[in-house]
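Asks: Chains as they are written, first to last, in numbering that gives the first Met the number 0: chain S, 0 to 106; chain A, 0 to 153.
Treat the hints as calculated values from the structure; they're not laboratory data. Among these hints, one or two may not hold up.
[Unchecked claim] Below 20 Å or equal to it, Euclidean Cα-Cα: the simulated DMTMM-like pairs (lysine to aspartate or glutamate) are:
1. A/K79 to S/D35
2. S/K13 to S/D98
3. A/K108 to A/D140
4. A/K108 to S/E56
5. A/K83 to S/D98
6. A/K83 to A/D131
7. A/K83 to S/E56
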Amino acid sequence: MVARTLINVPAKAKRGEVIAIKSLISHIMENGFRHDNVGKPIPRDIITSMVCTYNGEEIFSTTLYPAIAANPFITFYTVATETGTIAFKWTGDNGFVIDASAKITVE
Amino acid sequence: MPDRFSAISATRRTFMAGAGAMLVVRPAQATPASMAAAIRQVAGDAAIKPGKIKLSIPPLVENGNAVAITVTVESPMTAKDYVKSIHVFTEKNPQSNVISTKLGPRAGKAEISTRIRLADTQQVVAICELSDGTFWSDKVDVILTLSACLEDPI
Chain S
0 MVARTLINVP AKAKRGEVIA IKSLISHIME NGFRHDNVGK PIPRDIITSM
50 VCTYNGEEIF STTLYPAIAA NPFITFYTVA TETGTIAFKW TGDNGFVIDA
100 SAKITVE
Chain A
0 MPDRFSAISA TRRTFMAGAG AMLVVRPAQA TPASMAAAIR QVAGDAAIKP
50 GKIKLSIPPL VENGNAVAIT VTVESPMTAK DYVKSIHVFT EKNPQSNVIS
100 TKLGPRAGKA EISTRIRLAD TQQVVAICEL SDGTFWSDKV DVILTLSACL
150 EDPI
């Protein structure tokens with residue numbers, strides 16, 4: 000199953016401006032502490048990390064734990080330095096890997 | 000006869016309610032001690048002082064499945080003085096760690112927002128590490144009416 004992602008990056012920014020980056024990815028984030036209706040533990044299935052790069056340089060990375068709500072939504076900030084691509088990579092349990100990117104024009 | 004019957008069913012009802020209550024096994028919970036251990040794993044032996052960091056979380060939460068939090072650190076975010084990392088911990092969730100983020104001077108503004116799960120009425124702690132190696136923290140007590148994490152799907 001391909002998870003749906005949503006990235007919100009301003010299309011245009013002035014050089015040196017601090018911009019907000021919002022990211023959302025669809026994922027159940029099954030925390031591994033619950034049991035099904037016959038009492039069997041439900042195995043953990045979460046996204047464990049998200050890394051964000053700006054023209055190949057890492058600007059933000061995070062480790063997620065089961066306490067992150069389903070469909071992880073993360074907002075952070077960066078300085079718009081040059082025109083290029085802001086790329087995301089999410090990795091998780093059971094070989095989960097998703098990439099996504101957004102373009103930004105810096106004037 | 001009807002009287003006796005109702006008495007039996009009342010007893011049965013009481014028994015079933017009691018049996019149901021006994022079947023509820025409390026799952027493993029993180030305790031303040033394990034939260035302290037998780038914090039020590041991040042901070043090592045460094046002193047953690049209150050201040051500089053602000054954790055915004057509603058003090059009264061209706062639904063623990065998605066609680067919006069924002070962590071802000073007062074920092075100029077220059078190449079010499081910036082925030083290296085921000086961590087969030089809970090006292091009574093099954094696992095103390097919530098999120099760990101790595102930032103750098105390129106962030107421009109040391110602020111992150113996300114949505115977390117809370118299992119119980121408890122204290123939530125945010126910790127940051129600055130580029131000079133000092134650690135700062137903020138604690139917020141949160142009252143919860145509907146718990147997340149531990150409810151089993153029906």
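Asks: Against this structure, judge whether each hint is valid.
Replies: Now the hints, each set against the structure:
For the given pair, A/K79 sits about 51 Å from S/D35 by alpha-carbon distance, which is inconsistent with the 20 Å threshold. Note on S/K13 and S/D98: the hinted pairing is violated, with a Cα-Cα distance of about 26 Å set against a maximum of 20 Å. The straight-line distance between the Cα atoms of A/K108 and A/D140 is roughly 26 Å, outside the 20 Å bound, and the hint therefore fails. Distance hint between A/K108 and S/E56 is fulfilled; the C-alpha atoms sit about 18 Å from each other, no more than 20 Å.
This hinted pair does not check out: A/K83 and S/D98 have alpha carbons roughly 25 Å apart, beyond 20 Å. Proposed proximity of A/K83 and A/D131 is supported: the alpha carbons are some 9 Å apart, at most 20 Å. Of the supplied pair hints, the one linking A/K83 and S/E56 holds, its CA atoms being roughly 16 Å apart against a limit of 20 Å.
Figure legend: structure checked against the earlier numbered hints; hints not met, in rising order: 1, 2, 3, 5.
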